[in-house]
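Colleague: Residues 2 to 250, numbered by my numbering, are exactly what the sequence shown covers, in order.
Take these hints with a grain of salt, some might be off.
Calculated cross-link-like contacts (lysine-lysine; reagent style DSSO-like; alpha-carbon spacing at most 30 Å) [as the list claims (entries may be wrong)]:
#1 Lys167 with Lys182
#2 Lys142 with Lys111
#3 Lys182 with Lys142
#4 Lys167 with Lys142
#5 Lys111 with Lys167
#6 Lys123 with Lys58
#7 Lys182 with Lys161
#8 Lys142 with Lys161
#9 Lys182 with Lys111
#10 Lys123 with Lys111
#11 Lys111 with Lys58
#12 Lys123 with Lys167
#13 Lys123 with Lys161
Each pair of labels, with its calculated beta carbon distance range [to be verified]:
#14 Phe136 with Thr238: 32 to 40 Å
#15 Lys123 with Asn154: 15 to 23 Å
#16 His242 with Pro144: 27 to 35 Å
If you are wondering where the hints come from, they were derived from the structure by calculation, not from laboratory data. C-beta: ideal position from N, C-alpha, C; glycine also.
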Amino acid sequence: MRGLVRGMIGATGILAVASAAYFAYDFGMLRFNNPSLSTYPVQGIDVSHHQGDIDWKTVAAQPNVRFAIMKATEGGDHRDSRFADNWQRAGDAGVVRGAYHFFTFCRPGKDQAQNVVATVPKAPETLPITVDLEFVGNCAKVPTLEEMVAEVNAFFAELKNTFPEKPIFYVTQEFYDQYLKGNESRFPDHYLWLRSVFQEPQQEGCSRWSIWQFADNGTVDGIQGAVDLNALCPSETGFAHLFPAVAAK
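Start from the sequences, fold in the hints, and give me the full structure.
Modeller: See the structure below:
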């Protein structure tokens with residue numbers, strides 16, 4: 002009986018520790034990565050309607066927010082409800098802006114590109130268009146490599162007349178391993194934005210990735226609740242090499 006009681010106490014203790022850790026992580030008190038500005042001098046955020054009404058003047062004053070990539074579109078017809086406001090106010094506050102499209106596996110790439118063109122303003126000194134490629138939050142379909150290559154290429158073929166710049170691919174490690182690894186040449190030439198919230202990915206002079214998403218539970222003055230945190234390749238002190246269109250920033 003004593004052994005059973007000790008086992009129950011032990012299980013309860015483990016559960017309590019796990020719950021406390023989850024709470025700490027969810028509220029930004031626990032992060033696996035905390036890159037310093039001395040090592041990663043150009044840091045920024047990515048946002049969507051989930052962040053609500055953002056005080057962009059306050060955000061722009063933070064030393065770790067040099068850029069903001071904001072959700073614009075998803076699939077063939079969805080537009081983020083906060084995009085137009087975020088785009089305007091972030092620009093007014095002097096934050097380097099970028100827009101991203103969440104790519105769905107259940108709509109043709111051409112249709113999705115038309116949604117982007119109809120939504121994202123063509124503006125100077127902005128980051129290239131980002132396409133978010135991941136399984137989380139997507140439809141149930143899991144395309145073959147051939148299907149993925151065809152639709153992503155169709156997306157950018159439709160996009161290039163309006164946004165001819167080399168795009169950014171945001172990918173999870175799972176997506177990268179399943180589709181991109183070893184097949185990079187089959188996709189449009191791109192910068193890589195890599196999600197890795199548990200460990201710092203290896204880097205060699207910006208040859209592997211250009212942007213690293215290092216946390217999804219960050220806190221930034223001017224934003225209520227959690228926000229994703231990112232850093233530019235550590236050998237970059239500005240945007241000139243990777244993103245010449247925003248070299249002046």
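Colleague: Look at each hint and say if it fits the structure.
Modeller: For each hint, the structure was consulted:
no. : hint                           : verdict
1   : Lys167 with Lys182             : holds (19 Å)
2   : Lys142 with Lys111             : holds (18 Å)
3   : Lys182 with Lys142             : holds (20 Å)
4   : Lys167 with Lys142             : holds (27 Å)
5   : Lys111 with Lys167             : holds (18 Å)
6   : Lys123 with Lys58              : holds (23 Å)
7   : Lys182 with Lys161             : holds (24 Å)
8   : Lys142 with Lys161             : holds (26 Å)
9   : Lys182 with Lys111             : holds (24 Å)
10  : Lys123 with Lys111             : holds (19 Å)
11  : Lys111 with Lys58              : violated (36 Å)
12  : Lys123 with Lys167             : holds (15 Å)
13  : Lys123 with Lys161             : holds (12 Å)
14  : Phe136 with Thr238: 32 to 40 Å : holds (34 Å)
15  : Lys123 with Asn154: 15 to 23 Å : holds (22 Å)
16  : His242 with Pro144: 27 to 35 Å : holds (33 Å)
Taken one by one, the earlier hints fail for this structure only at number 11.
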